[in-house]
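*Asks:* The number in this note's numbering is simply the position in the sequence shown, starting from 1, with 28 added.
Please keep in mind that the hints were generated in silico from the structure rather than gathered at the bench. Just so you know, nobody snuck in bad clues.
Mimicking BS3-like on lysine-lysine, the simulated pairs with C-alpha atoms at most 25 Å apart in a straight line are:
#1 Lys180 with Lys157
#2 Lys152 with Lys97
#3 Lys142 with Lys172
#4 Lys180 with Lys152
#5 Lys65 with Lys152
#6 Lys172 with Lys79
#7 Lys117 with Lys157
#8 Lys142 with Lys79
#9 Lys172 with Lys157
#10 Lys79 with Lys65
#11 Lys180 with Lys127
#12 Lys127 with Lys142
#13 Lys127 with Lys172
#14 Lys97 with Lys157
#15 Lys127 with Lys157
#16 Lys127 with Lys117
#17 Lys157 with Lys65
#18 Lys172 with Lys65
#19 Lys142 with Lys65
#20 Lys180 with Lys97
#21 Lys180 with Lys65
#22 Lys117 with Lys172
#23 Lys142 with Lys157
#24 Lys127 with Lys97
#25 Lys117 with Lys142
#26 Lys127 with Lys65
#27 Lys127 with Lys152
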Amino acid sequence: MTHTMTKMLFTGLMLASTQIHAADYDFEPGLWETTWKTEIIELDAPAEMEKLMRSMGNRPVYTETECIKDIASSFDSERDKENEGEECKTTTNRISANKMEFETSCTAPGEVTKTVGEIHFNGKTSTAKLEMTSASAEESMNIKSTLVGNGKYIGACD
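Generate coordinates for the entire structure from the input sequences, incorporating the hints supplied.
*Replies:* Set out below in structure tokens:
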């Protein structure tokens, strides 16, 4: 269960990213560094699980570096076997070349996750804000969290 926060993050990003095409947005393909901050808004879980989730949710900023040549396929490889059997539906709304809004709903046996967010593109920078809710009957847990991300282009991919 320690992967719930990470799973929620990647699920939202992966599914949103499959709907994004670099040519349709003000986005520079290449090597990107993205910094994420997570905040738990609400948490209803057994005491041991709540303590673990709060420590994960209030961890320091997380930074990742990734070569993004094509946004539409960049996160497809991130799906792990833990997500098999999960069914997801994503709705996107392209506001402009600089903004996209999306909503993703995923169901898996005993779990429902919903992510609502927006991504802003500005050539060599991006920002994202996602609100995620997840309910797991198996672990008797409900969680609502916010993720804020800041990305920057750092050069061509090797």
